[in-house]
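The listed protein sequences derive, respectively, from chains A and B.
Residue numbers 151 to 418, in my numbering, belong to the letters of the first sequence in order.
Residue numbers 151 to 418, in my numbering, belong to the letters of the second sequence in order.
Quick caveat, the hints were computed from the structure, so don't treat them as lab data.
One thing to keep in mind: the hints can contain errors.
Simulated crosslink set (SDA-like; lysine to any residue; CA at most 20 Å straight-line) [claimed, not checked]: (1) K307(B) <-> K256(A); (2) K287(B) <-> G218(A); (3) K307(B) <-> T320(A); (4) K256(B) <-> P188(A); (5) K227(A) <-> D223(B); (6) K201(A) <-> G218(A); (7) K307(A) <-> K307(B); (8) K307(B) <-> T308(A); (9) K256(B) <-> T308(A); (10) K256(A) <-> R177(B); (11) K227(A) <-> L219(B).
Since we're looking at a predicted model, the values are computed, not measured.
The lines below spell out each chain.
There are 2 protein chains.
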Amino acid sequence: MNRKQLVDNIRHKKSYLCVGLDTDITRIPSSFLSSIDPVFEFNKKIIDATKDVCVAYKINTAFYEALGLTGWDAFEKTVDYIPRSIFTIADAKRGDIGNSSAQYAKAFFGRLNFDAITVSPYMGEDSLRPFLEYADKWTIVLGLTSNSGANDFEFAKTGDQFLYEKVITTVSRWGTPENTMFVVGATQGQSLQNVRRLVPDHFFLVPGVGTQGGSLAEISETALIADCGILVNVSRNIIYASDGTDFQEKASLAAANYQSQMAQFLAR
Amino acid sequence: MNRKQLVDNIRHKKSYLCVGLDTDITRIPSSFLSSIDPVFEFNKKIIDATKDVCVAYKINTAFYEALGLTGWDAFEKTVDYIPRSIFTIADAKRGDIGNSSAQYAKAFFGRLNFDAITVSPYMGEDSLRPFLEYADKWTIVLGLTSNSGANDFEFAKTGDQFLYEKVITTVSRWGTPENTMFVVGATQGQSLQNVRRLVPDHFFLVPGVGTQGGSLAEISETALIADCGILVNVSRNIIYASDGTDFQEKASLAAANYQSQMAQFLAR
Chain A
151 MNRKQLVDNI RHKKSYLCVG LDTDITRIPS SFLSSIDPVF EFNKKIIDAT
201 KDVCVAYKIN TAFYEALGLT GWDAFEKTVD YIPRSIFTIA DAKRGDIGNS
251 SAQYAKAFFG RLNFDAITVS PYMGEDSLRP FLEYADKWTI VLGLTSNSGA
301 NDFEFAKTGD QFLYEKVITT VSRWGTPENT MFVVGATQGQ SLQNVRRLVP
351 DHFFLVPGVG TQGGSLAEIS ETALIADCGI LVNVSRNIIY ASDGTDFQEK
401 ASLAAANYQS QMAQFLAR
Chain B
151 MNRKQLVDNI RHKKSYLCVG LDTDITRIPS SFLSSIDPVF EFNKKIIDAT
201 KDVCVAYKIN TAFYEALGLT GWDAFEKTVD YIPRSIFTIA DAKRGDIGNS
251 SAQYAKAFFG RLNFDAITVS PYMGEDSLRP FLEYADKWTI VLGLTSNSGA
301 NDFEFAKTGD QFLYEKVITT VSRWGTPENT MFVVGATQGQ SLQNVRRLVP
351 DHFFLVPGVG TQGGSLAEIS ETALIADCGI LVNVSRNIIY ASDGTDFQEK
401 ASLAAANYQS QMAQFLAR
């Protein structure tokens, strides 16, 4: 999916919501546990309940790998089930020397046909280059993450910049705003504004709203640009909005509630 | 596997060789392509040919994920096939916020029972902590990697240290030499000596010998400590030593050649 298609979807749905399918088999309603593939069956219900109000799904590989082969199967079936008009993100945080990264790119962009993958910048340019070579695919690079560990290295001072600033400005020269996004945590307060200043045209994937405590209003006021430029991810506050028989209705309501707030920010 | 067991194996076999099973289906002898699981069948032959002279296997997830479900199946079967006396490394370079990293730890340490996993430090302490909590399991953190991209961020100056130095000294305080190793590339020349000075007691996982051009002699002279303290990985120069019918014999010879050199360095 190219940037124009993504932005058209955002305008049409008046939403920049990404739903995170971090599906933990120990947290889904127990009624699913008797089905052959509980995680996939749950994901289908969540996708059905949210697809009209979100523009992206982010599938976190960790939760699927934890289930072994059956988890990988559920992962593949889930991405296949998502309507092709919706942007798909493999939240995989991969990154290795060039010939290995090329294999990851083949896995997620080629075989699984994801629109985007999250990657770690630590190993530098040749570890990201294979992802950037795919047309109409997106490389989403960890910039300033939402967790407390962001303080350990991302905020290390290097010259007159923090490491996260150096990463973002450097990586922005390797790719373009048409094929590169940055992960910028919603919990990072005023640093968000700083990132927007560094890369005025790039899309951000913003985790940290909901369970992690980030504010949708703050992100939106800080980082929205003319063609939106942000995808705000919510995982647990939507997919586990209820653990009862009404989980699908509650997930739909939670997603719709985010979307209606987003529609207001987009209309400003 | 704990450190004593690993070191006992090294002394017994007079070897600190790790064989990298970065098995690319397009590079294995064509005779395997008619079997049901070519990658696993090839890996079995390589393991049979090398297990007497190596002390570790490193399985790179990238090459398996590129094949989808059948690749993940080959990955699981391969780790199961490795004798339990040999140290197993999931070369996965994972790392995410705490609750996601906990799922990766469950996948690789719990379900698959690997002895070790490679992880990226970018996201800081809470992204590594779940791995460190497993007894007799090892977290192998990217320190100074073997690729050209190491120059982009790992060599960024932060205060009076390079980033890789800050990462290694910081992470060494989160874990211990009994549960933490560092990836230090064989291509990094004199910086290897510097890393050994920073962490005199830790094991290093050293990629970059062979195809990438690193020198076994240089690493060994620089980084060996009283109880060895290094695992030197070789992938392509062993597993693709020949693409003919003699691939198994040539892999065995290549591995034995490394081992005999290692025996000499250990005897010094």
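Do the hints match the structure? See the list:
Between K307(B) and K256(A), the direct Cα distance comes to roughly 34 Å. Violation of the 20 Å bound is thereby established for this hinted pair. Taking the CA atoms of K287(B) and G218(A), the gap is near 19 Å; set against the 20 Å cutoff, the hint holds. Proximity of K307(B) to T320(A) is assessed by CA-CA distance (about 15 Å); at most 20 Å being required, the pair is judged to hold. Taking the CA atoms of K256(B) and P188(A), the gap is about 19 Å. The hint holds against a cut of 20 Å.
For the hint pairing K227(A) with D223(B), the CA-to-CA distance comes to about 16 Å; that is within 20 Å, so the pair holds. Proximity of K201(A) to G218(A) is assessed by CA-CA distance (about 27 Å); at most 20 Å being required, the pair is judged violated. Restraint check for K307(A) and K307(B): satisfied, since their Cα atoms lie roughly 8 Å apart, inside the 20 Å limit. At roughly 5 Å between alpha-carbon atoms, K307(B) and T308(A) fall within 20 Å of each other, so this suggested pair holds.
The hinted pair formed by K256(B) and T308(A) fails the criterion: a straight-line CA distance of about 35 Å is larger than 20 Å. With a C-alpha separation of about 16 Å, the suggested pairing of K256(A) with R177(B) holds against the 20 Å cut-off. Note on K227(A) and L219(B): the hinted pairing holds, with a Cα-Cα distance of about 11 Å set against a maximum of 20 Å.
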